[in-house]
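Undergrad: Reconstruct the complex from the two isolated chains, following the hints.
What follows is each chain in one-letter form.
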Amino acid sequence: MTASARLSIRGLGKRFPLRTDGGGTRMAQVLQGVDLDVRESEFVSIIGASGSGKTTLLRIVAGLERADDGTVTIDGRVVKGPGQDRSMVFQSINLFPWRTVAANVELGLELRNVPPADRARLAAEFIALVGLANHAHAYPHELSGGMQQRVGIARALANDPAILLMDEPFGSLDAQTAEFLWDELLSIVETTRKTVLFVTHHIDEAIYLSDRIVVLGGQPAGIREIIDVPFRKPRWTYDVRAEPEFAAIRARLRAHLFGSARPGVRAQSVSA
Amino acid sequence: MLANKWVLRLLSVVVVLALWQYVGSRINPIFLSTPTKIAAAFAATVTSGELPRAVLASLGVTAAGFFSAMIVGVPVGLLMGRFRTFEYLIDPYVNALYVVPRIALIPLIIVWAGLGIMAQIVVVFGTTVFPILLSTYAGVKHVDKRLIETAYSFGASERQLFFKVIIPGSVPFIMSGLRLGIGQAVIGMIVAQMFLGIAGMGFMLTNYGNQFATDYVFVVVISLAALGILLTEMVKLVERRFNKWKNDEPAIA
Numbered sequence: 001m002t003a004s005a006r007l008s009i010r011g012l013g014k015r016f017p018l019r020t021d022g023g024g025t026r027m028a029q030v031l032q033g034v035d036l037d038v039r040e041s042e043f044v045s046i047i048g049a050s051g052s053g054k055t056t057l058l059r060i061v062a063g064l065e066r067a068d069d070g071t072v073t074i075d076g077r078v079v080k081g082p083g084q085d086r087s088m089v090f091q092s093i094n095l096f097p098w099r100t101v102a103a104n105v106e107l108g109l110e111l112r113n114v115p116p117a118d119r120a121r122l123a124a125e126f127i128a129l130v131g132l133a134n135h136a137h138a139y140p141h142e143l144s145g146g147m148q149q150r151v152g153i154a155r156a157l158a159n160d161p162a163i164l165l166m167d168e169p170f171g172s173l174d175a176q177t178a179e180f181l182w183d184e185l186l187s188i189v190e191t192t193r194k195t196v197l198f199v200t201h202h203i204d205e206a207i208y209l210s211d212r213i214v215v216l217g218g219q220p221a222g223i224r225e226i227i228d229v230p231f232r233k234p235r236w237t238y239d240v241r242a243e244p245e246f247a248a249i250r251a252r253l254r255a256h257l258f259g260s261a262r263p264g265v266r267a268q269s270v271s272a
Numbered sequence: 001m002l003a004n005k006w007v008l009r010l011l012s013v014v015v016v017l018a019l020w021q022y023v024g025s026r027i028n029p030i031f032l033s034t035p036t037k038i039a040a041a042f043a044a045t046v047t048s049g050e051l052p053r054a055v056l057a058s059l060g061v062t063a064a065g066f067f068s069a070m071i072v073g074v075p076v077g078l079l080m081g082r083f084r085t086f087e088y089l090i091d092p093y094v095n096a097l098y099v100v101p102r103i104a105l106i107p108l109i110i111v112w113a114g115l116g117i118m119a120q121i122v123v124v125f126g127t128t129v130f131p132i133l134l135s136t137y138a139g140v141k142h143v144d145k146r147l148i149e150t151a152y153s154f155g156a157s158e159r160q161l162f163f164k165v166i167i168p169g170s171v172p173f174i175m176s177g178l179r180l181g182i183g184q185a186v187i188g189m190i191v192a193q194m195f196l197g198i199a200g201m202g203f204m205l206t207n208y209g210n211q212f213a214t215d216y217v218f219v220v221v222i223s224l225a226a227l228g229i230l231l232t233e234m235v236k237l238v239e240r241r242f243n244k245w246k247n248d249e250p251a252i253a
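Heads up: the sequence lines are chains A and B, in that order.
1 is the number of the first residue of the first sequence in this note's numbering; add one for each residue after it.
1 is the number of the first residue of the second sequence in this note's numbering; add one for each residue after it.
Hints in this document: simulated from the structure, not taken from any laboratory.
Check before you lean on any hint, since a few could be wrong.
Derived CB-CB ranges, DEER-like [said to hold, decoys possible]:
| id | chain 1 | residue 1 | chain 2 | residue 2 | range |
| --- | --- | --- | --- | --- | --- |
| 1 | B | Thr206 | A | Glu142 | 46 to 56 Å |
| 2 | A | Ser41 | B | Lys236 | 52 to 62 Å |
| 3 | B | Lys236 | A | Ser172 | 50 to 60 Å |
| 4 | B | Ile148 | A | Thr177 | 23 to 33 Å |
| 5 | B | Thr85 | A | Thr20 | 30 to 40 Å |
With a Cα cut of at most 27 Å, we get these calculated DSSO-like pairs of lysine-lysine [said to hold, decoys possible]:
| id | chain 1 | residue 1 | chain 2 | residue 2 |
| --- | --- | --- | --- | --- |
| 6 | B | Lys145 | B | Lys244 |
| 7 | B | Lys236 | A | Lys80 |
| 8 | B | Lys141 | B | Lys236 |
| 9 | B | Lys244 | B | Lys164 |
| 10 | B | Lys236 | B | Lys5 |
| 11 | B | Lys244 | A | Lys80 |
Ideal Cβ placement from N, Cα and C applies to all residues, glycine included.
In isolation and in its complexed conformation, chain B is listed as follows (with noise of 0.2 Å):
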């Protein structure tokens, strides 16, 4: 049943690339290039150094965005979820935030944070940050509320249920936080370069569109596809690590 599967799934990829191959090799390469010619581009630009220097710039930038907004996303969910006080002087703006298109910030990055390597990386942290905030937000006001009675049976103080029951209840959520965020991270990355760059994933998307080079934005664009799986899988392994207590699926699927 497994190999049946695999066999289904191999044979539909041969079907697609061949009949992709027949229309696009008979049409202007313009519109769809072909399966060949892509693949040529993708050795031209793997050898030339182009692609693997472009990722790296793009990786930097995910991973400096992702990481700013975590370090800041889980401590300010953790916080208003746990403290009203501090819940209400804070949604305000997170709300405001939240419903506003990120992109349409980038004016104002532009000129806080300039062209640089900065304004991408303050692109994909405001569109990371808020995920992460959100479910670390929910996590906390879905902690059992009769685990947080038995600490208080057991005599615990404020600060001893924060760390020992808040914070470790509210992981699977953080998690599926983070999934989510890991995700928005190379959204934010492709827009932030496709704005600002000179650079990266999203500067080459946006040259070979402007040239008509389909076959190589399409190298990019397979590319973004293999670092977001890859990405999320890592994401994956550490909420497994995480969650090993657990037997059901995922809070936020």
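If we strip away everything but chain A, and leave its shape as in the complex, we get (with noise of 0.2 Å):
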């Protein structure tokens, strides 16, 4: 364990109930033996194929779900519920209709009690970070995709989470939009210096933002490699996806999410 770490998971486990022939229910183990530390200011992604647990692991670190085994901690104490130190963005972005971009914005400083004057200026400058400034008055319904999740993302910041949680936030997007928000996202997480725990099963999207991307697989799930992104940031002034390193870390992550698929390339585990 690393002392600088901001979270860290420890032999984290989880059973959810599953329906049998007989009509009964058995318990089946869906995470096992998760070990896992994020320092400050690092920007991990969670990667598997789809089932493997990764929202899973993200909603019992939101406090959303309960562990069956294991902890985790957030500078050093540990989670039991939702709190103030974590704020999540959702893949379905989950505004509130009948808020105003501002007063979405807001939500997680009013459910604290912060008085009025501090959350409308609080709200203001995180809507400007997301390059929303005109927008502060429009309800969700007249704004595109994209920047409804970007209010999403402001929703989360305003709150000052010690980890921003992010649960394949662009997955809803079409593909233009979602790569366009990468850099955003990127250039955001750089002013904030927020740490971020981010869920996707977009490989480009992984490799582009992410310091470390953790591979989730098996039955039950656990961690099959962590992988280090080494490119230099910023990473918007340059091609990374024009790295020789990328098409590696590509391939790499390819035969953990779809087996080997081509001759050579063969995933390696790590005893977690």
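TA: So, in structure tokens, the structure goes:
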């Protein structure tokens, strides 16, 4: 365990009830023995095939699900439920349709009874950060999907969490919008120095954004490999995807996700 | 195209009125009366003050019954939708009363509340409270689960969840309930005044009906239609005000 770990996951396990042929249920182990440390201001992605438990892992860190084994600690405190030290950005965005952009961004502050003047100031700051200053008084349905998710990111940041949790945040957007938001996110994270735990099934997205990529797999799922992503920052100033190393990491991730599709490329398992 | 639409409607009304006048003046006036006689009856009841007084009496009963139904129906619906314990304590009565035609309760209402205004208000309340209560309940059940989870993830307490997510999230259904409720309130008011009234539009209806004064009956029926449209439009106006964040259709058409 590194001394500077912001998030620390130890021996994490999760079981879900599964319906059986006989009409009964049995417990299926979906996650087992997950150990992971995330350092301050680090961007870590969790990647895995669908059903690999990556969203479950994120939801446990968020406090929206309970772990059956192991612990999650943030800055030394054990996670027992949702808390202000973590903010979630959802794939389904989940803006409140009856609230304006500004009122949506104020949500977390309002729930913590921050005075209205401070709320308004902080909301305006983060709305400007995500480039929506001109849309602060719009309702969500008046915005495009990409703009809505920027509001989702501003809402999460306004709460000033220790860790930003992102569950496939660009998964519901078209490819072009998503790629545009990669750079936006990198620049926002650079500005705010936030620690990010990011779930995705999109290989290029994981490589482009992350400092490290955690590969989940197996049944029950555990960490198969942790890949360091060496590209220098800021990454929007050059074509990261043209780097030879990019192709190598991508091939490795593909092998994990789709099996060894090409000869000579084999997944390397690491014991966690 | 729009002008055409209104021309067609006007044409239709003119033709039907002309036919009515033609047929009505050739048969016993008890059956159809005629538009001109109805217009004369309308003028007579307006100048005598009978119709305005009846409309006012009816509006008072409708409004009192409607607002008391709203004050009870919305909170009970919200609590039933959100709290299982409360739901199971209350739903036997709600379900039982909902399936009983409320008119069947009139003899009991007479025993409890007499024959006056109060009894009429109780009848209106009885017909109006169920659409409001049940729509509100449905609204709570239809609040997006993902928004509830989002609020929890940002640290909302049960109380905050109720006031910041459940209530605003139920507003479209509550508004639909109020819109359905106002129609039911007008029905309840007429029924109550036909049975219990010595004033109001329902009483006028019974009174002129018993005298076979068909032209006067039509005056009341047409006034009721106008009143119904007016009240529904007023609720729709409020509904639009609350739904300005939505661009789609109302939850219950």
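Undergrad: Which of the listed hints are not met by the structure?
TA: 3, 7 and 11
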